[in-house]
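Student: Sequential numbering from 6 applies to the sequence shown in this note's numbering.
Worth flagging that the hints you see were computed from the coordinates, not collected in a lab.
Every value quoted in this text rests on a predicted model; they were computed, and no experiment measured them.
Incorrect hints may appear among the rest.
Below, computed lysine-lysine pairings styled on DSBU-like, alpha-carbon distance capped at 35 Å [unchecked claim]:
1) Lys187 x Lys225
2) Lys242 x Lys52
3) Lys313 x Lys242
Have a look at the derived ranges for each label pair, beta carbon to beta carbon [stated by the list, open to error]:
4) Lys313 x Ser252: 15 to 23 Å
5) Thr177 x Pro320: 46 to 54 Å
6) Glu74 x Gln185: 23 to 31 Å
Note that beta-carbon positions come from the ideal geometry of N, C-alpha and C, so glycine has one too.
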Amino acid sequence: KGGEPSLTSIFANALIDSATEDRSIVGITAAMPGGTGMDIFGRRFPKRTFDVGIAEQHAVTMAAGMACEGLKPFCCIYSTFMQRGYDQVVHDVAIQNLPVRMMLDRAGLVGNDGPTHHGCYDLAYLGCIPNLTIMAPSDEIELKNMVTTCAGYDDGPTVLRYPRGTGYGAKTLQKLFGYQLKNGEIPSKGEVLPIGKGRIVRPAGGFDEDQINTRGMERKDRVAILSFGTRLHESLKAANEIEKQDSSLGVTVADARFMKPLDVDLIRELADDHSVIITIEEGSIGGFGDHVLHFLTLDGLMDDGNIKFRPMVIPDILFEAATQAEQYERAGLTAHHIKGTILRLTKRISIPVLEEA
């Protein structure tokens, strides 16, 4: 991924594109213009950019007030620091159902900034609030699409969380993600996505038409990975490695796109056709996986005992400074961890039982 633009800059330029066409869009941050891309937006629209200082609570309430008057505020705050504005999200935004766009940079594990800056908890602390629409992009194209989607959504507050890092580049997007890019180039502008609708990215057998429908002939050999956010990259790698290793297994990889509202039709489709469902996210317990499991149980999809479900989340520990790759390795959220989870659940490997001393 060397040389690719940062997700922060991709976000900022996508917002500039939307703001060029819509004069009501404004940007707000709380003393983190460089980290959220508001410095890039501010150079283009200095009179439509507001840095309120280290005052996240005020930033959220100011955004709510602007939304009351017909503006389209993008409130850009690190995931970890939105915790400071939690009461305002509930009382000033959600209860009034105001179309404030909350852009949470630094979602997930952030590397050397350490435990004060990890964005592990936003899915848990925001997922329980009514009226919020919560989304996470899997790659830079989806990030552009979601910025465009937020700009055009006026029916309530939206949350867009995305991690620290860079885009993947056109080559990886085509080879691993299966994009068919015109002239091999990433689209310059985003498209509006249907709210609450995910997508199947990789069918069992991958993108080779000769392999599709030749894998997982029995339900017990069919596995679905439902990813939320940028763990989709690792999910696709794991699926490719699993199918290369075991010709009888078929692995479907889906991108949820939204945590609220959940794409229940997609979840039902996966549950009906697979014996194993694995969710993966860059967040703590209480987030996306819990929402999926809640739906599966309430909808009766697990009542007959034909589905094994495993949520893969950031574990309940604090992560000290390290590289992001090292932190996700420790968290157990890489391709080989996904692969191991699949092999255990499909009984391709057994786990030794340690006897008590």
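Student: Each hint needs a verdict: does it hold in this structure or not?
Tutor: Hint-by-hint comparison with the structure:
no., hint, in the structure
1, Lys187 x Lys225, "38 Å, violated"
2, Lys242 x Lys52, "44 Å, violated"
3, Lys313 x Lys242, "21 Å, holds"
4, Lys313 x Ser252: 15 to 23 Å, "21 Å, holds"
5, Thr177 x Pro320: 46 to 54 Å, "28 Å, violated"
6, Glu74 x Gln185: 23 to 31 Å, "43 Å, violated"
Checked against the numbered hints given earlier, this structure breaks hints 1, 2, 5 and 6; the rest are met.
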